[in-house]
Structure formats: C-alpha cells, structure tokens
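Dock chains B and C against the given chain A, drawing on the hints supplied.
Spelled out, the chains give:
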Amino acid sequence: MREILIALLLWTGGLFMFIAAIGIVRLPGLYMRMHAATKVGTLGISGLILAAMLDFADMAVTTQGFLVIIFFYLTAPIAAHMISRAAYYSGVKMVAHSVVDELKEARENGEEKKA
Amino acid sequence: MKMFLVNIILALIWGAMSGEMTFASFLLGYIVGYILLLLTQRFTGAESRYFGKVWHILLFIVFFLKEMLVASLRVAYDVLTPTHHNRPGIIKYSVEGMTDIEITLLAKVISLTPGTLTMDVSEDGKWIYIHAMFIDDPDVLRQAIKATIEKRLMEVLR
Amino acid sequence: MFAEWDIVSASTTGVMFLLWTAIVLAMYRLIRGPSLPDRVVALDLIAILMVGVIVIHAITTDQPVFLRAAIVVGLVAYLGTIAFAYFIEKRGRP
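Chains as they are written, first to last, in the numbering used here: chain A, 14 to 128; chain B, 16 to 173; chain C, 11 to 104.
Next up, chain A with everything else stripped away, as it sits in the complex:
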C-alpha cells in the first residue's frame, strides 16, 4: 500500500516536471513560459520530496523534507517576480495576441516610473 502511494507521488511529481519542461519549449513568450517553469515545476518537486519522505519514513528526513518544500514555496514566487519585473522593464515584449496591458497604460499615464 505504501509502495503504491510512493510510486503515485513519484509519477505525479515527475510528470508535472516533465510538463513544465515541455511548456518552457512550447509556450509562446517569456511571461507564459515562466508560468510553466516556476509553478508547475514547484508542484512537481514537492511531489518528489513527499515521495522521498514516505520512502525513508524517518523523523530527520521528514523535517528536512518539509524544510525543502517550504523553502521552494517561499523562493519560487520571489524569483519569478524579480525575473518578470526585470524582463518587463528591460523591454521584453508580450506575445502578439495579448488581451490587455494595464501596466503599460499606467506608465503612459505617468502613474508608474518610465524605463
């Protein structure tokens, strides 16, 4: 029973990470690739670490595993935020079929700093 759960967690984690990698190749535009890479990737790694925690079934590994998961959940959004902000202000364009860009409007109205 435990083995099946471990295998299930391993496969979900691995598949999500694989989908993140396909997404980074296939999706158009930097900002959309970031959606796939940072978040689907984070979900995948937490699945793998949960599987390792179940497999070792040990207090030290469990606490360390939780530490790693919390660490990834804390740092992934910061990294994504900093990269997207830097990319936007250095002039990376959004894809052509974008619907709306209210940050651009705000900058043109003088509410935000110009690059």
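Among the hints, a few may not be true.
[What the hints assert, rightly or not] Within a straight-line C-alpha distance of at most 30 Å, the following computed DSSO-like cross-link-like pairs (lysine-lysine) qualify:
{"hint": "1", "chain 1": "B", "residue 1": "Lys68", "chain 2": "B", "residue 2": "Lys17"}
{"hint": "2", "chain 1": "A", "residue 1": "Lys117", "chain 2": "B", "residue 2": "Lys141"}
{"hint": "3", "chain 1": "A", "residue 1": "Lys106", "chain 2": "B", "residue 2": "Lys123"}
{"hint": "4", "chain 1": "C", "residue 1": "Lys100", "chain 2": "B", "residue 2": "Lys141"}
{"hint": "5", "chain 1": "B", "residue 1": "Lys161", "chain 2": "B", "residue 2": "Lys123"}
{"hint": "6", "chain 1": "B", "residue 1": "Lys166", "chain 2": "A", "residue 2": "Lys117"}
{"hint": "7", "chain 1": "B", "residue 1": "Lys81", "chain 2": "B", "residue 2": "Lys68"}
{"hint": "8", "chain 1": "B", "residue 1": "Lys68", "chain 2": "B", "residue 2": "Lys123"}
{"hint": "9", "chain 1": "C", "residue 1": "Lys100", "chain 2": "A", "residue 2": "Lys106"}
{"hint": "10", "chain 1": "B", "residue 1": "Lys123", "chain 2": "C", "residue 2": "Lys100"}
{"hint": "11", "chain 1": "B", "residue 1": "Lys161", "chain 2": "B", "residue 2": "Lys68"}
{"hint": "12", "chain 1": "B", "residue 1": "Lys161", "chain 2": "A", "residue 2": "Lys117"}
{"hint": "13", "chain 1": "B", "residue 1": "Lys123", "chain 2": "B", "residue 2": "Lys166"}
{"hint": "14", "chain 1": "B", "residue 1": "Lys107", "chain 2": "B", "residue 2": "Lys141"}
{"hint": "15", "chain 1": "A", "residue 1": "Lys117", "chain 2": "B", "residue 2": "Lys107"}
{"hint": "16", "chain 1": "B", "residue 1": "Lys123", "chain 2": "B", "residue 2": "Lys141"}
{"hint": "17", "chain 1": "B", "residue 1": "Lys166", "chain 2": "B", "residue 2": "Lys68"}
{"hint": "18", "chain 1": "A", "residue 1": "Lys117", "chain 2": "B", "residue 2": "Lys17"}
{"hint": "19", "chain 1": "A", "residue 1": "Lys106", "chain 2": "B", "residue 2": "Lys161"}
{"hint": "20", "chain 1": "B", "residue 1": "Lys141", "chain 2": "B", "residue 2": "Lys161"}
{"hint": "21", "chain 1": "B", "residue 1": "Lys17", "chain 2": "B", "residue 2": "Lys166"}
{"hint": "22", "chain 1": "B", "residue 1": "Lys166", "chain 2": "B", "residue 2": "Lys141"}
{"hint": "23", "chain 1": "A", "residue 1": "Lys106", "chain 2": "A", "residue 2": "Lys117"}
{"hint": "24", "chain 1": "B", "residue 1": "Lys107", "chain 2": "C", "residue 2": "Lys100"}
{"hint": "25", "chain 1": "B", "residue 1": "Lys107", "chain 2": "B", "residue 2": "Lys123"}
{"hint": "26", "chain 1": "B", "residue 1": "Lys166", "chain 2": "B", "residue 2": "Lys81"}
{"hint": "27", "chain 1": "B", "residue 1": "Lys17", "chain 2": "B", "residue 2": "Lys123"}
{"hint": "28", "chain 1": "A", "residue 1": "Lys117", "chain 2": "C", "residue 2": "Lys100"}
{"hint": "29", "chain 1": "B", "residue 1": "Lys68", "chain 2": "B", "residue 2": "Lys141"}
{"hint": "30", "chain 1": "B", "residue 1": "Lys107", "chain 2": "B", "residue 2": "Lys81"}
{"hint": "31", "chain 1": "B", "residue 1": "Lys141", "chain 2": "A", "residue 2": "Lys106"}
{"hint": "32", "chain 1": "A", "residue 1": "Lys106", "chain 2": "B", "residue 2": "Lys107"}
{"hint": "33", "chain 1": "B", "residue 1": "Lys81", "chain 2": "B", "residue 2": "Lys141"}
Hints are computed from structural coordinates only; laboratory data are not their basis.
Chains B and C in isolation, oriented as in the chain A frame:
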C-alpha cells in the same frame, strides 16, 4: 499565541509519554492537545481566537493545494494540446489599505497559483500588477481573486 | 528475472528517465534563447530538475544525506536567479 505555546508543550509531553518522538506522535499529541484545550476553554478562561485561527489556517492550506493542483492541470492542458487557448495580459489589482506583510503574502499566493503571476508593485503601494494566462474579462478575474484568494488570506491574517 | 522487481524501483527508473528528458528539453530553451530572461528561466528550471534528480538518487541509493545536497542546489539556484534578475534590470536591455 499563549494557547499555541501551551498546545505545543502538550504535544511534546504526549511525545515524551508515548516514548517515541516521531512526527506522527507529535501530530497526534497536537490534535489531542487541541481538543483538550477546546473542551477546557470555559475553565481556563483562555482567549478563544486561537481555536478559530487554527481552523482557518488548515482550511487555507487545503484551499491553496486544491487551487494549485486545479490551475496546474489547466496550464498542463494548454501545454499539451496542439492549439493554444491562452489569452494573456497584465491587469491591475487594488491592494489599498493593506500592510506590507499582507501585500507580500497575497503576491506570493497569487504567484503560486498557476495562471496568475505577480509582476510589480506600484511605487505608492496601492496597486499590484498581475500577469494572467487566461483573461476573458479583466473585471471578472479581479472579482475572482478578491472573492477567493484575498478573502481567505485575510481570514488567516486578521 | 523479475524476483527483484518492485513498484518503487521501477518508478524511480521511469521518473529518472522523464527528468533527464526534461533537462534536455530545458537545455534547448537555454541554447535557443531568444532573450536573456528566457535563458535565466530555463536555467532555473534545470536547477529544479537537478534537485529532483538528486531526490530520486537519494531514494534509489537509500542515502538520506543526498537531500542536503538538494537543499544546497536549490539555494544556489535561487541566489543565481536573483543575481541575474538584478543584472538584467541594471543593464536595461533584453
């Protein structure tokens, strides 16, 4: 806060009594301690906010995991099918009247639910800019974020 | 031949294969570009995938020590991404 410490001490005592300090025994001790404190609330005269807060935090974690899984599947569907369904864009979201720590946490949670990504905070701290993958109508998305993520986060924080 | 077969070791082999394929795919984006932020995002994903590889390795060799290596890789990758973001913003062009 005091009740939280008492609860942790009860969990440690439970672990010491059962003779094994594993994660499972600590968790069990915490749950038993929580129920005991809840039942003896009338006699100890402790503040009652703690009990509701634990419940809100638990509900928030469950909600967050569910949201993350559902939205990940949506991104996965868009990645795996040959035609792209995405309608990306950047929207403004009002965070007026929130403290810095609340804005930080809200931005984090928005970033972690795939489909939305916090890009920037305005200089006066009144707006955050969100890049979203599936925008049908900006106002509908704003309403959705306000009604789900912000509401539940505020239940935990306030 | 199948006496040693169990579902966990079979899964680790399969998932390990998936992860290495994913690393190759991310490599493609790393080389192809087109802009520097694209490459940074690809590098970040490769780091997370490497952490996954290390975790799987810890399971197959039954050595929990490798999880500490995973923490270190994650930390260094995070700092690298932050440094790159700062650099891109200072440089002011993609």
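Hint by hint, here is what the structure shows:
no. : hint                    : verdict
1   : Lys68(B) <-> Lys17(B)   : holds (13 Å)
2   : Lys117(A) <-> Lys141(B) : holds (16 Å)
3   : Lys106(A) <-> Lys123(B) : holds (24 Å)
4   : Lys100(C) <-> Lys141(B) : holds (25 Å)
5   : Lys161(B) <-> Lys123(B) : holds (15 Å)
6   : Lys166(B) <-> Lys117(A) : holds (28 Å)
7   : Lys81(B) <-> Lys68(B)   : holds (20 Å)
8   : Lys68(B) <-> Lys123(B)  : holds (20 Å)
9   : Lys100(C) <-> Lys106(A) : holds (18 Å)
10  : Lys123(B) <-> Lys100(C) : holds (24 Å)
11  : Lys161(B) <-> Lys68(B)  : holds (20 Å)
12  : Lys161(B) <-> Lys117(A) : holds (23 Å)
13  : Lys123(B) <-> Lys166(B) : holds (15 Å)
14  : Lys107(B) <-> Lys141(B) : holds (10 Å)
15  : Lys117(A) <-> Lys107(B) : holds (10 Å)
16  : Lys123(B) <-> Lys141(B) : holds (16 Å)
17  : Lys166(B) <-> Lys68(B)  : holds (14 Å)
18  : Lys117(A) <-> Lys17(B)  : violated (48 Å)
19  : Lys106(A) <-> Lys161(B) : holds (28 Å)
20  : Lys141(B) <-> Lys161(B) : holds (15 Å)
21  : Lys17(B) <-> Lys166(B)  : holds (26 Å)
22  : Lys166(B) <-> Lys141(B) : holds (18 Å)
23  : Lys106(A) <-> Lys117(A) : holds (11 Å)
24  : Lys107(B) <-> Lys100(C) : holds (25 Å)
25  : Lys107(B) <-> Lys123(B) : holds (16 Å)
26  : Lys166(B) <-> Lys81(B)  : holds (16 Å)
27  : Lys17(B) <-> Lys123(B)  : holds (28 Å)
28  : Lys117(A) <-> Lys100(C) : holds (20 Å)
29  : Lys68(B) <-> Lys141(B)  : holds (27 Å)
30  : Lys107(B) <-> Lys81(B)  : holds (25 Å)
31  : Lys141(B) <-> Lys106(A) : holds (25 Å)
32  : Lys106(A) <-> Lys107(B) : holds (18 Å)
33  : Lys81(B) <-> Lys141(B)  : holds (29 Å)
Going through the hint list in order, the structure does not satisfy hint 18, though it satisfies all others.
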